[in-house]
Amino acid sequence: NAGVTQTPKFQVLKTGQSMTLQCAQDMNHEYMSWYRQDPGMGLRLIHYSVGAGITDQGEVPNGYNVSRSTTEDFPLRLLSAAPSQTSVYFCASSYWAKQSTDTQYFGPGTRLTVL
Amino acid sequence: GNSVTQMEGPVTLSEEAFLTINCTYTATGYPSLFWYVQYPGEGLQLLLKATKADDKGSNKGFEATYRKETTSFHLEKGSVQVSDSAVYFCALSSSGAGSYQLTFGKGTKLSVIP
Numbered sequence: 283n284a285g286v287t288q289t290p291k292f293q294v295l296k297t298g299q300s301m302t303l304q305c306a307q308d309m310n311h312e313y314m315s316w317y318r319q320d321p322g323m324g325l326r327l328i329h330y331s332v333g334a335g336i337t338d339q340g341e342v343p344n345g346y347n348v349s350r351s352t353t354e355d356f357p358l359r360l361l362s363a364a365p366s367q368t369s370v371y372f373c374a375s376s377y378w379a380k381q382s383t384d385t386q387y388f389g390p391g392t393r394l395t396v397l
Numbered sequence: 017g018n019s020v021t022q023m024e025g026p027v028t029l030s031e032e033a034f035l036t037i038n039c040t041y042t043a044t045g046y047p048s049l050f051w052y053v054q055y056p057g058e059g060l061q062l063l064l065k066a067t068k069a070d071d072k073g074s075n076k077g078f079e080a081t082y083r084k085e086t087t088s089f090h091l092e093k094g095s096v097q098v099s100d101s102a103v104y105f106c107a108l109s110s111s112g113a114g115s116y117q118l119t120f121g122k123g124t125k126l127s128v129i130p
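These protein sequences, in sequence, are chains A and B. Just so you know, we're using our numbering here: the first sequence kicks off at 283 and counts up by one. Just so you know, we're using our numbering here: the second sequence kicks off at 17 and counts up by one.
For the record, the hints were derived by calculation from the structure and aren't laboratory data. Keep in mind that a hint or two might mislead.
In silico DMTMM-like cross-links for lysine to aspartate or glutamate, where the CA-CA straight-line distance does not exceed 20 angstroms [claimed, not checked]:
no., chain 1, residue 1, chain 2, residue 2
1, B, Lys68, B, Glu85
2, B, Lys122, A, Asp320
3, B, Lys93, B, Glu79
4, A, Lys291, A, Asp355
5, A, Lys291, B, Glu58
6, B, Lys125, A, Asp320
7, B, Lys72, B, Glu85
8, B, Lys122, A, Glu341
9, B, Lys76, B, Glu31
10, B, Lys76, B, Asp100
11, B, Lys93, B, Asp70
12, B, Lys122, B, Glu92
If you want the footprint, here are the derived chain A segments under chain B, 3+ residues with CB under 8 angstroms [stated by the list, open to error]:
no., region
13, 319 to 327
14, 388 to 397
A virtual CB, placed ideally from N, CA and C, is assigned to each residue, including glycine.
The whole structure should be built from the sequences, with the hints applied where relevant.
What follows is the structure in structure tokens.
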């Protein structure tokens, strides 16, 4: 198993550009999520999904869109990038959506810089 | 709402020193508690977890005990190694709106020097 994969690893955007961060998992996990990591802030939840066709907002959803058309993929879209979105983005997944004891598996991250 | 507070870093220790990273939480109900570790340039990975009061999670020489009476989940290791240098995150998981969500602390950076 490849686990959770993310592409690209690094990206530089100009203000106002759009892009999609890709996330895929091959573990047949029900739950997938996106976090951003900023210095001194820990990880904050952007959006999550409890299954194909079902998504919901996390703590910091503004400026981001998601969709979940398959169990495996959970892309994160930035419609109009802003410097405040400069961050490291992590995708994570876990087997069950309704089991608080479950472990989340993280991808290697995408480092995004918005100029 | 839920929150996790962990000790501010960075923490610098000599090899074979004793490590404690404090973590306290605020949550409703009965959360599960986790320690995740992030090695340089990598994503987070689970270090250990505890799912009910008085449970002790352990892995790679690290331990943490779920203390409901003090709402704490402190991470300890008796003898750290250079390879333990990383950022450590305390987190809790609780149910909400039909699914669960992880709430993270801000992370503690540990540097171990030979």
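These are the hints, each one checked on the structure:
For the hint linking B:Lys68 to B:Glu85, the alpha-carbon distance of about 12 angstroms falls within 20 angstroms, and the restraint holds. Between the alpha carbons of B:Lys122 and A:Asp320 the distance comes to roughly 9 angstroms, so the proposed pair stays at or under 20 angstroms and holds. This hinted pair checks out: B:Lys93 and B:Glu79 have alpha carbons roughly 6 angstroms apart, not beyond 20 angstroms. The straight-line distance between the Cα atoms of A:Lys291 and A:Asp355 is roughly 17 angstroms, inside the 20 angstroms bound, and the hint therefore holds.
The straight-line distance between the Cα atoms of A:Lys291 and B:Glu58 is roughly 11 angstroms, inside the 20 angstroms bound, and the hint therefore holds. Between B:Lys125 and A:Asp320 the alpha-carbon distance is near 14 angstroms, which keeps this suggested pair within the 20 angstroms criterion. Under the criterion of a C-alpha separation no larger than 20 angstroms, the hint pairing B:Lys72 with B:Glu85 is consistent with the structure, at around 15 angstroms. Between B:Lys122 and A:Glu341 the CA atoms are separated by roughly 15 angstroms; this keeps the pair inside 20 angstroms, and the hint holds.
Restraint check for B:Lys76 and B:Glu31: satisfied, since their Cα atoms lie roughly 15 angstroms apart, inside the 20 angstroms limit. A distance of roughly 10 angstroms separates the Cα atoms of B:Lys76 and B:Asp100; the hinted pair therefore holds under the 20 angstroms criterion. Restraint check for B:Lys93 and B:Asp70: satisfied, since their Cα atoms lie roughly 18 angstroms apart, inside the 20 angstroms limit. Taking the CA atoms of B:Lys122 and B:Glu92, the gap is about 18 angstroms. The hint holds against a cut of 20 angstroms.
Counting residues of the region 319 to 327 of chain A whose CB lies closer than 8 angstroms to any CB of chain B gives 6, which reaches the minimum of 3, so the coverage claim holds. Under a criterion of three residues with beta carbons nearer than 8 angstroms to beta carbons of chain B, the stated coverage of the region 388 to 397 of chain A is upheld, 4 such residues being counted.
In summary, the structure agrees with every hint in the numbered list given earlier.
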